[in-house]
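Listed below, chain by chain, are the residues.
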Amino acid sequence: MSDTKIVDARDTFCPGPLMELITHMKQSNVGDTLELLSTDEGSGADVPEWVNKVGHEIISNEKIDGVWHIKIRKVK
Amino acid sequence: MRILVVGGGTGGTIVANNLARRLSAEIRARKVRITMLSASDKHMYQPGLLYVAFGQMTPDQLYRDQASLLESCIDFHVDPVEKFELDNQKVITRSGKTHEYDILVIATGSRIVPEQIPGLAEGAETFYTEETAVKMFKGLRALEEGTIAVVVGVPHKCPIAPVELIFSLHDYFKARGIRDKIKIKYHYPIGRIHTIQNVATWAKPEFERMGIEYETLFNVKEVDVDSKVVRSEEGTETEYDMLIAIPPHRGMEVIEKSNLGDDGWIPTDRHQLTMNGHDNVYVLGDTTNLPVSKTGSAAHFEAEVVSENIASIIKIGTPVRDYDGKVYCFIEAGHDQATYAMFNYQNPPDLKPPSKPMHWFKMAYNQMYWTSVRGLL
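Chains as they are written, first to last, in the numbering used here: chain A, 1 to 76; chain B, 1001 to 1377.
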């Protein structure tokens, strides 16, 4: 299994956490796991909405000390 | 002390000029030398391409000779870098020359890669180069009726551009008196119509007022050029008569070939703007992997920090400033009005209502840019 790649999108408003995640997902290979770090309050819902719609997999989604940690596996 | 600036765009030019002034005494005393390597003898004002795409500027208005923008003490060469050898503190250029350095500034920018999406290069108009902006204008001028679909690749330069494009399209066809015959459909990669929440909140009722259809969570998967259909990763599709794309971007090939960063984006410290693991290598503008807008504005504010820190390291042995993530973007809002988004790592943009004076300021800035890039503004 490949290592988890951290996408640090804390304290960013533009291009924003989900746009950062999409960029890094495009750079990744099928089977890779990415962990998005975000301080955007909306990420806890916005990111799973996109991940589920496009057909990737949410491994975990939790908020720790004000930072969303969302792990995603690239499925296709 | 040999300072080498690679890249003659907004960031590299401001850094070089700013350093030339801050270190003028050291340069006269031959203790410091500034060299710039660029791929072109011309400097383009890239935001002007949107105006070219709507027939409001001609391409020749976008250029100045790069040498004319630089302080005379800067040793300028049109000779792009082919290979970075950071461990040996040197670069090798296309002509085969080797340039050694003590401090390196990498500001090589980004490039469009529409070919990453099947059919996009063949099927879509874009305005990110002189040639494609002119072609897009000719296409708009020839269009009398039908559907224009706007799609947005990721990542892309100038995140405000998709919204400005929509306002410009609406105004253009309204001025021609055929707005009612043109359907405009906007597609955006995430779940709202702009990545900045405040911009999305402001633009949504504007889109509805102008009769713009929109679909969110639409990441372009492929374009069927023959059938004139664009499909998304999310499983939807739109038919079009004219497709306009904000194409996906990538860093420059030389960055990838030199193994400096995935997809040409260099891992960069978000405050010091040094390359991770290389304290004598600074990165700015589109070239960084920072979660900051890829805009001339970000490059400008980063350049001020980089040049001030390099100069202070030479003078007192330590950097003096952190980059705070500052970006300032004009937003053309149609009806000869504009607003702006200003933000940094800690403070989100607080959009003001669009106004005519802000549009006039933007028009003025299109000329003031040449003062700005000289490091004077």
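The set of hints was computed from the structure by calculation and includes no laboratory data. Check the hints yourself; a few may be wrong.
[Claimed, not checked] Calculated lysine-lysine pairs in the DSBU-like style (CA-CA distance at most 35 angstroms, straight line):
#	chain 1	residue 1	chain 2	residue 2
1	A	Lys26	B	Lys1315
2	B	Lys1090	A	Lys53
3	B	Lys1326	A	Lys53
4	A	Lys76	A	Lys5
5	A	Lys76	B	Lys1352
6	A	Lys5	B	Lys1183
7	B	Lys1174	B	Lys1157
8	A	Lys26	B	Lys1031
9	B	Lys1138	B	Lys1315
Here is how each hint holds up against the structure:
1. A/Lys26 to B/Lys1315: Given that 35 angstroms is the threshold and the Cα spacing comes to 43 angstroms, the pair is violated.
2. B/Lys1090 to A/Lys53: Violated, at about 47 angstroms.
3. B/Lys1326 to A/Lys53: OK: B/Lys1326 and A/Lys53 at ~33 angstroms, within 35 angstroms.
4. A/Lys76 to A/Lys5: Cα-Cα ~17 angstroms, so holds.
5. A/Lys76 to B/Lys1352: 42 angstroms, violated
6. A/Lys5 to B/Lys1183: 42 angstroms, violated
7. B/Lys1174 to B/Lys1157: The hint holds at about 27 angstroms.
8. A/Lys26 to B/Lys1031: 46 angstroms, violated
9. B/Lys1138 to B/Lys1315: 54 angstroms, violated
Hint check: violations occur at hints 1, 2, 5, 6, 8 and 9; the rest are consistent with the structure.
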